[in-house]
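Chemist: The primary structure of each chain is shown beneath.
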Amino acid sequence: MSTEATPAEPSTQAPKTGSKTAEAIEAARAQGRAAFIGYLPAGYPDKETSIAAAIELARNGADVIEIGVPYSDPVMDGPVIQQATTEVLARGFRLPEVFEIVAAVVEATDAAVLVMTYYNLIDRMGAEEFARRLAEAGGAGAITPDLIPDEAGAWMAATERHGLDRVFLTAPTSSPERVAQIVSASRGFVYGVSVMGVTGARDQVSDAAERVVNAARSAGAERVCVGLGVSTRAHVEEIGRYADGVIVGTALVAALRDGGPSAVAALTAELTGAETGR
Amino acid sequence: MSAPAEETQKYRDHEGPYFGSFGGRWMPESLVAALDEVEQTFREAKQDPEFLAEVHRLGRDYTGRPSLLTEVKRFAAEAGPARIFLKREDLNHTGSHKINNVLGQALLAKRMGKTRLIAETGAGQHGVATATAAALMGMDCVVYMGSEDTRRQALNVARMRLLGAEVVPVDHGAKTLKDAINEALRDWVASVEHTHYLLGTVAGPHPFPEMVRWFHQVIGDETREQILAMEGRLPDAVAACVGGGSNAMGLFHGFLDDPEVALYGFEAGGDGVETGRHASAITLGRSGVLHGARSFLMQDEDGQTVDSHSISAGLDYPSVGPEHAYLAETGRATYEPVTDAECMASFEMLCRTEGIIPAIESAHALAGAARLSRKWGAEGEGKIIIINLSGRGDKDVETAAEWFRMLPGQENDPVAETETAAKTGDESPSPAPETGVQA
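Chains as they are written, first to last, in the working numbering: chain A, 1 to 278; chain B, 1 to 439.
Hints in this document: simulated from the structure, not taken from any laboratory.
As the structure is a prediction and not an experimental result, all values here were calculated from the model.
Any given hint could turn out to be false.
Derived, one-sided and incomplete: chain B residues facing chain A with beta-carbon distance under 10 angstroms [claimed, not checked]:
id : residue
1  : Met27
2  : Arg65
3  : His172
4  : Gly173
5  : Ala174
6  : Asn182
7  : Glu183
8  : Ser191
9  : Val192
10 : Leu284
11 : Ser287
12 : Gly288
13 : Glu301
14 : Arg374
Heads up, the beta-carbon is just placed ideally off N, CA and C, and yes, glycines get one too.
Use the sequences and the hints to build the structure in full.
Modeler: Have a look at this one:
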């Protein structure tokens, strides 16, 4: 491993130009707040509705939108997201739909649009081709929950070539050596996993979250966003005090399931503290 | 892939994380620290004479090692010209090879201070073995099992519960082994502080493929010693069934660096590879990442995992251990599919000719070896094939009875129609093709 345990000074990570996600997070910072990042699965409950719901995210204050790619074996997802993505797959979802959805959301909003995908979907298409198509659709990059930098050679090269962000996760259990490696491999932001567990709403924000953010900062991260278990405005405010962005997924998916895009709009407005949406 | 070099122990000493282009750690970051801890504990334990002595003592006094090597002359005579020996892992405590790995990993878990074991299971053999080790060592145990498999293997579910384990039926996806692994991983991400995930095969992220192999290599080491003592020479071929591939890797390991010994792995061909309803990941040959390793993977054009199918729950897995993928790619081992029908014909044949009821998983190896003996023809005279009889068939009696239509209400039900020979192929849903190999 080429990285070292000593905390790097922030300057080692020179501002990366051309990162759409970084720009969106920095714009929020300029307004004196943490960025809000909302997750919704591609194609749930159908393609048009998923696009409409993602647009509502942006209209109600989301700075970054994550479009989750349905996958047959989502080991990092809890029951709500699993159920949603399983439904999407059952109706015959095909991968190219993701790029169409990304393009439609990019077209209609100013948010940075990332995909969140398990790696085999990238691997099967080929890292280069996946990156090319994502960039062509106007996507900002990808979050890859089951890819660690150790295995990311092909993905790093492809994202570099196409100017895409690549977001790796850092966990409460990650060693300082690993945090340094993750920070230096990431582009856009570093995803701080707030709890040891899978996606899903939780009552409380784990106190591990702040430690995760501090560890990443000590390793030189300029932008650290926190996700997993975040579901209320109080969580968002609490995390926003120390992180650069707050990621909400399951609560939004449940809102979409129960009330469609208008429920997503209402919940997003509540979570972001936006006056009113629409 | 490099051509076979002249180094000794070339394959035998191969350590992870990579086997050629296969293996690695395609895993969420949250689990990396735990994998590092497992790896470090394993490496230290291997050097610790006390640990080695404890593994050996448990193998001898609890499992019943060494397991026998039995020549099966009547089975061999029906199969073809070659002589056939069975490595009797079916005689181990709990009824399969799985106990070797489970006792070893449970000892490691204790060494790490973990108090809870979780496991996935397909046929239930690994779940039973894990529940057994947990009972023996006073640890909590939760076993994840696809709900389709809890139905197919109700007897093993009861066994695990009797042993004090909690069995959690998994209702997601295909409701089989791969989904049970997903659920075990989700548990582990949240419980890693006090829980060890006792993965049951040579798949998964590093160090599992290397570590599980290490705990099973006793199979190959004993077999090598036994055949040398009995026959004064090495076998011409060794054969084993391959789902994830742990029993095969254990047997192969004793012969990896003996080029004169051919290694055969038999995958579950289900209804035939050409039907798409099978579990022959190597035969299909598409590289991908699942459950932490790069290996051959049954997947569609988008990279979604394709559901596997097999009459045997234990082979019903859409991928395979990365070292097998490597051995297939280098050509050191040969992998072929065996259909449900071929497998069940050999299952019946072993019952009838030798008085041994095999696990349906292991019957795939019997069928593959019989095919090999036939294929050799006259040249096979005097050649020796050793098959790993990885498990016994008690758990499969109902499935077999249904297959042969012996259950109440089926046409071979009552005391009528006793003779066996005619049964075999006739009622099988699909007649056994001579070979299902595609490419």
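Chemist: Determine for every hint whether it applies to the structure shown.
Modeler: Hints, one by one, checked against the model:
1. Met27: This interface hint holds because 6 angstroms falls under the 10 angstroms limit.
2. Arg65: 35 angstroms, violated
3. His172: Given a least distance of 6 angstroms, the restraint on histidine 172(B) holds.
4. Gly173: 6 angstroms, holds
5. Ala174: 9 angstroms, holds
6. Asn182: 5 angstroms, holds
7. Glu183: Hint holds; glutamate 183(B) Cβ to chain A Cβ min 9 angstroms, cut 10 angstroms.
8. Ser191: 8 angstroms, holds
9. Val192: 6 angstroms, holds
10. Leu284: Where the cut-off is 10 angstroms and the nearest Cβ of chain A is about 13 angstroms from leucine 284(B), the hint is violated.
11. Ser287: 8 angstroms, holds
12. Gly288: 5 angstroms, holds
13. Glu301: With a closest approach of 7 angstroms, the glutamate 301(B) hint holds.
14. Arg374: 38 angstroms, violated
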